[in-house]
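Chemist: Kindly generate the complete structure, drawing on both the sequences and the hints.
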Amino acid sequence: DIVMTQSPDSLAVSLGERATINCKSSQSVLYSSNSKNNLAWFQQKPGQPPKLLIYWASTRESGVPDRFSGSGSGTDFTLTISSLQAEDVAVYYCQQYYSTPQTFGQGTKLEIK
Amino acid sequence: EVQLVESGGGLVEPGGSLRLSCAASGFTFSVTWMSWVRQAPGKGLEWVGRMKSNPSGATADYGAPVKGRFTISRDDSKNTLYLQMNSLKVEDTAVYYCTTIAPWEISQPAGLLTYFWGQGTLVTVSS
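Protein chains in written order, with our numbering: chain A, 1 to 113; chain B, 1001 to 1127.
To be clear, the hints were calculated from the coordinates, so they are not data collected in a lab. Because the structure is a prediction, the values reported are computed rather than measured. Some hints could be false.
As the list claims (entries may be wrong) - Listed next, the stretches of chain A that the computed footprint assigns to chain B, with coverage defined by at least 3 CB atoms under 8 Å from CB atoms of chain B: (1) 26-34; (2) 51-59; (3) 92-105.
A virtual CB, placed ideally from N, CA and C, is assigned to each residue, including glycine.
Modeler: And the structure:
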């Protein structure tokens, strides 16, 4: 199984500041046939189901604000929120969908400082 | 608008069985791969399994913790996905989410990218 490890486990950032969450996979999730990394980011607010933010490591899902961006390739990935808003308080998960079983990182709790 | 509504959760004793349902609307269910993901109270997300559409063979894959005890099925005439859970354990206690799988061009090669999620149904296994 591919193990996904996020860092940090929790993060406190001031409103308007940048938030950065890292995700590392135990093996590459790069699909060579289309040169896409099968890595997604999800946002889960309290009492709600997860919401897809980014797929292919850097493609924003429709309707996701452009302050959210993803980067990375192979085994190392980053989710960046360029200017933190109050509504961004949530737990963020990375997910690899390259191979079965699909696996998630342990989650990063993002709070306002 | 895509809607996924899970039902069937509740309290069950260890060793018991439960069947969850997921009623789908707002998209063409019959050609959509579907999955179940669970979340234990205060914990992270865990993949339960995924079922392909009938045109893709209607086969299912499962995560190791549930393989041999859980079965995913679908009834395309009712636009409904099911999760039959047998030999339940205390550690199966979780909110169970039904999800669609993203279109093939995004989720290839394994068809595992969870796309739209339902609100979830709580299963509690306790004596």
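Chemist: Hint by hint, note whether the structure agrees.
Modeler: Hints versus structure:
1. Given a C-beta distance limit of less than 8 Å, the hint that chain B covers the region 26-34 of chain A holds, as 3 residues qualify and 3 suffice.
2. Closer than 8 Å: that is the beta-carbon criterion, and the region 51-59 of chain A has 4 residues meeting it against chain B, so the requirement of 3 holds.
3. Coverage of the region 92-105 of chain A by chain B holds in this model, with 11 residues showing a Cβ closer than 8 Å to a Cβ of that chain against a need of three.
Every hint from the earlier list agrees with this structure, and none is contradicted.
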